[in-house]
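Listed here are the chains, written in short residue letters.
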Amino acid sequence: MAFVNMKTKEVQAKIVYYGPGRGGKTTNLEYIYSKFRDRIKSDMVSIKTHGDRTLFFDFLPFDIGKIMGYDVKVQLYTVPGQVKYDATRRLVLKGVDGMVFVGDSQVEQRKKNILSLKNLQENLASYKKSIFKVPLVLQYNKRDLEKEGVPLLPVETLEKDLNSQLKVPSFSASAVTGENVVPTMKKIISLTMTSLQNVMK
Amino acid sequence: MVYEDDMTFTDYTLGQEELERIENILEEDLVKSGVHSVLLIDMAGNIIAQRDNGSCDHDLYSLAALASANFAAVDTMAKIVGEEEFSLLFHKGESESIHFSKVNTEFLLITIFGKEVSLGLLRLKVAEAVQKINDVWA
Chain A
0 MAFVNMKTKE
10 VQAKIVYYGP
20 GRGGKTTNLE
30 YIYSKFRDRI
40 KSDMVSIKTH
50 GDRTLFFDFL
60 PFDIGKIMGY
70 DVKVQLYTVP
80 GQVKYDATRR
90 LVLKGVDGMV
100 FVGDSQVEQR
110 KKNILSLKNL
120 QENLASYKKS
130 IFKVPLVLQY
140 NKRDLEKEGV
150 PLLPVETLEK
160 DLNSQLKVPS
170 FSASAVTGEN
180 VVPTMKKIIS
190 LTMTSLQNVM
200 K
Chain B
0 MVYEDDMTFT
10 DYTLGQEELE
20 RIENILEEDL
30 VKSGVHSVLL
40 IDMAGNIIAQ
50 RDNGSCDHDL
60 YSLAALASAN
70 FAAVDTMAKI
80 VGEEEFSLLF
90 HKGESESIHF
100 SKVNTEFLLI
110 TIFGKEVSLG
120 LLRLKVAEAV
130 QKINDVWA
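Residue numbers (numbering that gives the first Met the number 0), protein chains in the order written: chain A, 0 to 200; chain B, 0 to 137.
Next up, chain A with everything else stripped away, as it sits in the complex (with noise of 0.2 Å):
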């Protein structure tokens, strides 16, 4: 649902990291406010728990330059991770025109990681979106962790768990150290664009 202004030939698009809680999402935007951070005008805004958990979400406007002549604005957004905070996140979804889905690496997570991405297919429903048309990338985080000693799933495990049958471009990353967040994120904004291109022709 991005919005077109032809009068000022500006596009605003909303891409929504989601995920399992505590995998990443707002460590994959905090990453790339750090790195670009000359390019974006506003701060960072987080509305989190006294915990540093996401309550609500976290936005990052991010502006990407001309593309076919449109300023292109992206609105980077987060979903709590939380189960419990289902309400608040499926507000969040609300207009979403691409979505990353942030996946925990490590094995303890892995049924966290299924469950989100079917809540995320339910969420998306009730917005008469399927999870099949909407532009999506996976990003498998936290990969620095198998360094460390901690047991992480291999990719294949986590590309069948959460990519057998949407077969969409997915990334080994690590939010942390920086290492495939920027990737992730040109690889959204382009898919997103493609989808948005035929209505700025």
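It should be emphasised that the hints constitute simulated quantities derived from the structure, not laboratory data.
Now the stretches of chain B that chain A is said to cover, found in silico as 3 or more residues with beta-carbon under 8 Å: (1) 15 to 25; (2) 35 to 43; (3) 46 to 60; (4) 63 to 69.
From the derived model, a few chain B residues whose C-beta atoms are all more than 10 Å from chain A: (5) Glu93; (6) Glu95; (7) Ser96; (8) Lys101; (9) Lys114; (10) Leu118; (11) Gly119; (12) Leu120; (13) Ala126; (14) Val129; (15) Trp136.
Pairs of lysine-lysine residues, derived as BS3-like cross-links and limited to a Cα-Cα distance of at most 25 Å, are as follows: (16) Lys101(B) to Lys6(A); (17) Lys31(B) to Lys6(A); (18) Lys83(A) to Lys93(A); (19) Lys6(A) to Lys131(B).
Note that the structure is a prediction, hence the values are computed from the model and not measured.
Glycine included, each C-beta is placed from N, C-alpha and C at the ideal position.
Assemble the complex: chain A is given as a structure, and chain B must be docked to it using the hints.
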């Protein structure tokens, strides 16, 4: 379940002429009545139109994102307690206050104003502006 994925863009269309009419309404009815800044946003948090008195320096993109989320949260709370909607949404500050008004199912009008404008007058002016904005589509 019928999916509506073909509708990638907003369900509404606003041409240049309509946007100019809306901006005019915001300017004539609200900014000239003394409000500091006024935003027409959609429920997803996009800014549709904006006008201010020239001395406002707020982060409007963040404000729009928060305002739409806030409105959606309050609207959900209303439903939980059995109300169709809460009619007055207003946050009062020391020097700046914010008033929210639903224009229709797609749009919200966010008005930022100071002490020099009374809430009563503001509500009257907002109601008039909302009516005029709805007439743009009529």
